[in-house]
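Asks: Chains as they are written, first to last, in the working numbering: chain Z, 1 to 466; chain D, 467 to 643; chain B, 644 to 1713.
These are computed hints drawn from the structure, not numbers from a lab.
Be a bit skeptical, because a hint or two may be false.
[Claimed, not checked] Derived EDC-like pairs: lysine to aspartate or glutamate, alpha-carbon spacing no greater than 16 angstroms straight-line:
1. Z:213 with D:500
2. B:1381 with B:1431
3. Z:213 with D:512
4. Z:213 with D:511
5. Z:431 with Z:24
6. B:1326 with B:1387
[Said to hold, decoys possible] The following residues of chain Z were derived to be distant from chain B, with all beta-carbon distances above 12 angstroms:
7. 29
8. 73
9. 100
10. 197
11. 207
12. 222
13. 287
14. 379
15. 409
16. 419
17. 431
If you're wondering where the values come from, they're calculated on a predicted model, not measured in any experiment.
Beta carbons are placed, not taken as given, at the ideal position from N, Cα and C, and that holds for glycine.
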Amino acid sequence: MQVTSPVREPLVTGGKTLHDVTNDIARHVEGKPTRLWYISFIISVIVMSYGIYCLYNTWWVGLGVWGLNKTVGWAWDITNFVWWVGIGHAGTLISAVLLLFRQKWRASINRAAEAMTIFAVLCAASFIMMHAGRAWLAYWCLPLGNTYGTLWVNFNSPLVWDVFAISTYLTVSVVFWYIGLIPDLATIRDRAQNSISRFVYGTLAFGWNGGAKDWSRYEAVSLVLAGLSTPLVLSVHTIVSMDFATSVIPGWHTTIFPPYFVAGAIFSGFAMVLTLMLVTRVTFKLQDYITMGHIESMNKIILLTGSIVGVAYITEFFIAAYSGVDYESYCFINRAFGPYWWAYWSMMSCNVISPQLFWFKKIRTSITATFILSIIVNIGMWFERFVIIVTSLHRDYLPSSWAMFHPTRFDIGDYIFSFGFFFTLFFLFAKYLPVINMFEIKMILKSSGDKKSKPADVHAAKTTTV
Amino acid sequence: MSHSSQFLVGVFDDDEVVLNAVRSVRASGVRVHEVYSPFPIHGIDDALGYKRTRLDIAAFMFGCCGFLGAGSLIGLTLGYDWPMNIGGKPFAPLPDFIPVTFEGTVLCTALGMVATFLLASGLFPGSTKTVFDARFSDDKFILAVELDKNHGHSAEQITKLLKSNGATEVNLKEVKD
Amino acid sequence: MSENSKRYWRSTQELTNETGFVRNANEEFPGLSNPSHANNEAKGSGMELSSHRRDFLKVMGFSIAAASLAACEAPVKKAIPLLNKPEEYEPGVANWYASTYAEDGEYASILVKTREGRPIKIEGNTLSSITKGGTSTRIQASVLSLYDTERFRGPRAAGKNVQWAQADDEIAAKLKEISASNGAIRIVTGSLLSPASKQVIADFKAAYPSAQHVTYDTNSAFGLTKACKIAFGESFVPGYRFDKANIVVSFGADFLGTWISPAEFSKQWVSGRKVNKHNSNMSRLYSFEGTMSLTSANADHRNAIRPTEEGQYVAALYNAVAKLTGAATISVAAPANAKFIDEAAADLVHHKGTGLVVSGSNDFNIQLLVLAINNLVGNIGTTVGTEATSNMKQGDDEAMSAFVKELGAGSVSAAIFWGVNPVYDYPQGAALKGAISKLPLSVSFADRPDETAEACQFVCPDNHYLESWNDAEPLKGYYSLTQPVISPLFKTRQAQDSLLKWSSAKADFYTYLQEYWKAHMYPQQKVRDNFRDFWTYSLHDGIFEPKNADWRTHAAAAPAVTGHEADSHTEPSGLVHGETAAKSEAPASSAKGFSVDLGSVTSAISSSAKGSGFDLVLYESVGMGSGRSANNPWLQEFPDPISRSCWENFVSISMTTAKELGVVVDEGDTFLLNVTYNGVSMKLPALVQPGQNKNTISIAVGYGRSVAGKAGVNVGKNVFPWISTANGYASNLVTGVKLEKTGEEYKVAHVQTHHTIMGRDIIQEATLSDYKKDPSAGHVSHLISTPEGPKKATDFSLWNRHERPNHAWGMSIDLNACTGCGACVISCQAENNIPVVGKQEVLNRREMHWIRIDRYYSTNDVSALGVLDRPGALEIPSDDPEVVFQPLMCQHCNNAPCETVCPVAATTHSTEGLNQMTYNRCVGTRYCANNCPYKVRRFNWFSYPDNKDFAINPAQTDLGRMVLNPDVTVRARGVIEKCSMCVQRIQDGKLTAKRDNRRPKDGEIETACSQSCPADAIVFGDMNDPESRIAGIMETEYEMRSYRVLEEINTNPSVSYLTKIRNKAEKAHA
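Modelling step: build the complete structure from the supplied sequences, incorporating the hints.
Replies: Rendered as structure tokens:
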């Protein structure tokens, strides 16, 4: 495990020792919250409160407060849902797939990424609840047979598949994430100064004592979980895409959706991870752990997935034209040149054109550029979902029922809610849990850290001085 | 009545040092109680002579249960309990079973295996597993030897043995159980 | 309210339980035991009843009950528990009563469905040879007006509630005093179809000699009646027979929408439009009209003429016909664009005696010329009935303007307004209001607040017609009865009773009516040998048509102008003498002599005002009519068949005008236009109307009521003041109108904002000539090429079909028959408790109607354009479009996309092929609605029954809720709803059949839409029943005219359509 190629530059800089790692990362958990943290946390709580007010209206008065109509039955609600789920793909992908591929650089970002995943999926779930006309009965989507006479759910419905996929994904992600946390929680427990945090973290740490046998089981579990999560993460967005792909509406009924959605998900997920990491990195001074190397390799993945998505867009058009079906071809002409052209072209420029800038190493390795582009990408991905959902619905088969969709302040407010919710959770996480996986960093420290060789361990010196 | 057992705790600074230490300590016939480290040390299982964990087999079993469970749930509800004509499809159209069955399998496997792991390692909220040296979770590697299980060797010998294998310090620790 | 509803419950039970009533009933009709009567009655009886005795008792029981009710305010003594059940009253079982709707310029013989004593639905009475079971939007909606919370609760004097006694005393006293001083008393009514009521007025006049009766129609046919007076020496509206006409030429007469008797005419006209493999004969309709009326929209050939030039076009047609028949021509300037004149003439001559020319003009000269054309081609007495003439329009504009003059002059002492609202709908309404308020005595019979009632001292509220006794004579010699189906909800009293009371007659109107029928109707028949039989059976059937023999065949073709006369009238002022011509070898003359002095007509037409600026046509819209039912939210929300907009009236402008003014209507966003006509200007929203004559604008009357109630007040603008009375008749056509664009933007609520089919084959049509060559003409079948050659797209499926062991309900809709009138829309709304959502929600594209009638315009040819330009071009309708209507409700797909995607299985398929919606299982994901290719699913965005923003929704008031159909759930907020194919009716029919243990008969079960359709365009039935009409159509029209919308996506709908066939004229015999 400790063989490393000389060309690879260190993943952890600043000559950290194992102890430094512990200090650097545990510091934020133990110390008082910074003013910056307070400000951002309070802002996100305020935002969430406004969102809750809008949510209250939506549920109390009825979905009529949204801009939907008889023709466009889904718009912002499902757009936001798919958008958040997409974002929620990065975490597990990073922890699982990169683990399988033994990508060591994942070590310093997977914790935060997984946390982000979980919060994003929660936001997505909130939109599933929101979009139901009788949200208080949404649990009827679970197979709770006899409570209502033996009337079961309709397993033919992609929405039911969604329910299963999302809940499974959420559960497994939480488990994966928590298992990863246990050793670090133990670290914090053992460093705890006051009894409260000793008790709290002690309880959370499940009495972990780092025994060799536990470690070997631990690694087996992580490996299997990773093996499970990989197909799972792919299945989730595949199933989400089936909400559309299995329908009959032109623009929805598209067989390339599964791969195209998954690529899109990774695309937006990585962008979101970048956005957050770049912020955390600065606020918590973790430049040594989240290095330019990390940022650059993530940019490369964004470039790749961005291009895949671009190809998918073009393929859709080609197939629509090639199929010779009026409805299909009109649908796509309408996307690009119809009344929602602006949405389409914002999507195109944000998702297809802007990532191409990452071909240039200069942009790839510039923090500001990365930060801006990562946000642009997520804007683009939101538009992608909006375009797919709204422009396909608003002009489908019978021209007599063609209509336009105009968002109301409640469409927007409910979207804002998800942001408040997400960031509130994320800031809590960033404060009270180690944002970086300490034990994994320690694991790779020797092989991939640029530590000055200490006389104590000869092997380390041998392997790492390059 | 509480019986307590005595341990010699060797503290090391480096994973490979402790790995070699384990090897030589066991070579000299001393039974090592357990090694505690901030991160997994690869190869230490063999060094300690642990058998390969069978968690993955458990996982597979759970997987099968999940598969059958989910599959039969759909089959029985749609096809048997209340068959409905939905969209002109047969009462139990197999292709539509795939997604949910898959998710069920994954869920069951993941939860089952993790549960097994936690049980096997006695990890649960409020569990008090012996910590011989709290620094294990920071940067130290701990090698514990139970004296009662090594009557062949005196504490001094073992201490010497550990030190000679790179232990920065060796402490005597009494553990109630 | 509660107090009232209580009263009505108790009274009905109490009264129907009068001790000895049953005994009396038994004693009174020994004749009933005689089977012969029963058998006579059994034939085509409107009610499906096993025993005639019982049904007879029902009607009898009810008549007596209601009679004594209508007569006197029965004091309520005690409430009787339901275990003491009234004779004819079965909880949960509907009772049907035959009655008559004759209001607001429309007539229909109807059946009223009552549940637990509440009338909840109106259907057409198939026994009537006039409307033959046809209804219209307003007839369907009239049941809601009964439960209008705004109705007067009792008599009012000077704006205060009073008791009847007091009101009667004061009014009677004043009347006596006035007549003593010989002061003028005027009774202003609409066209009274009721002979008995006319008699009542006659008696009143007898009691008060200084009284006169003025008949005032809001949209009169005075031109026509006057023309007939001149031509036949008797003023009447001819009894038109569109069913006998192979060729119909209409000059702005919207006989399918609003003209004279649309329900009747639709039935007649459509009977000539039904084609199939065996019968490919079809009538042809030419329309010369500047605006796009329902009739224009259904025309085979349409020429958008300028309305002020109508005279010239009629003259042109006359001349063309005259040339062909060798009659004298008249010299009138040739019209601007004579398109289709020659074809029409040729057709008319080719189909002598089976053509029909009608005009909507109120200018008697034009009407005379039209009559002359009909005379030339021998239609007088065949399609232009002169025997059984129509009483629909008796309005005398001259009398009315005379009345208004004397009113202004203050020479009138008392005015009684009955069923009219001149303050609102008379051009000088404002002036009238002042004059009326100055009158010593002014009485209004209005049953709910209106502008005239507001101006009157006394309001003596009339009953709703469903609470009244009445009779009607729509066509001479064709009678029908109106019977109350519920006791008056409020302290109201029939107008006739009021008049009788004031003319100090003893009898109440019910007795009076019976006496009248005994004296006048009973003798006209031989079937019944005693009056009570006669009365009861007439009441049961709702109609009495002694002349219902095929009388029109007796009338011979009118004389053609012979050569000799042609010579003698070479000068323009020709004189055509029916009588003289009759002597020649021409066939026997029509029953009534026909003589017209074309000279005066010619000069009048040539000298008639030439159009300047814009011509403005003030038309009645199909839903709102003259605005009497403005407070009926169903009608307010009824989308106009042509513009597909509601809750508004607007200026229709041509596409050319729109370009000139720079008006673009997009998704209902439009501009306010400033319309100015003789000094008065109004701001109205603009709507671009394809096919509108470029010099013509049109605005619907009937809007802008200032006193109406929460649903109707200040909706749109009142344009009645623009009706011109200059030429002695009320003309809804004025010219010299100015139009300017104001900057102000405005939103008009549309239910359809895209008007073309985008070149998609959702509408399949052919011309008759092609159809004759190939019965599958226009039918598009979608083929997919496979290794074994092309296969039908519908032949591919992953799964095997489910069996339909028992029934397989299906529907076939004949696009050729559907005139787009929209009766089905309101019928469905009434049957299925569909909420009214108001203008804002319609603007949000959230109307709830389960059935909609899509209206599409044809486009210009775009084949020349590039792929990317085509869609844009296809969205723009042609400026001279062909129009097609497509009723669209849930298609009940057998491979339903909506069912598959519902997560909770709230929508599933029944074994009888119905797409079922389980409301209380629905969680409202709207996935089904998204995945519905037909977009027929509706979502309950708000809680319409109790959200205060929807106060106009009838279901929000206790009174309004009485109209709800107890068999249909009122949907909760957050659930999807849609057409259920009236599953409640299907179940009911199946149960009835089961009770008599037999299979349901075809036609026994009808959906609301198919039953109310005046065009019989919708056929519903069991496709498994080989005897059924639907099965017949499926069999004969398979792969022929029958097609299913979006067949190629293999949703396999249970609803199929029959291709639209247009009967285009071939130049052959032109």
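Asks: If a hint holds in the structure, say so; if it does not, say that too.
Replies: Cross-check of the supplied hints:
| no. | hint | verdict |
| --- | --- | --- |
| 1 | Z:213 with D:500 | holds, 8 angstroms |
| 2 | B:1381 with B:1431 | violated, 67 angstroms |
| 3 | Z:213 with D:512 | holds, 11 angstroms |
| 4 | Z:213 with D:511 | holds, 7 angstroms |
| 5 | Z:431 with Z:24 | holds, 13 angstroms |
| 6 | B:1326 with B:1387 | holds, 10 angstroms |
| 7 | 29 | holds, 42 angstroms |
| 8 | 73 | violated, 4 angstroms |
| 9 | 100 | holds, 33 angstroms |
| 10 | 197 | holds, 43 angstroms |
| 11 | 207 | holds, 42 angstroms |
| 12 | 222 | holds, 34 angstroms |
| 13 | 287 | holds, 46 angstroms |
| 14 | 379 | holds, 25 angstroms |
| 15 | 409 | holds, 14 angstroms |
| 16 | 419 | holds, 24 angstroms |
| 17 | 431 | holds, 37 angstroms |
In terms of the numbered hints stated before, the structure departs from hints 2, 8, listed from lowest to highest.
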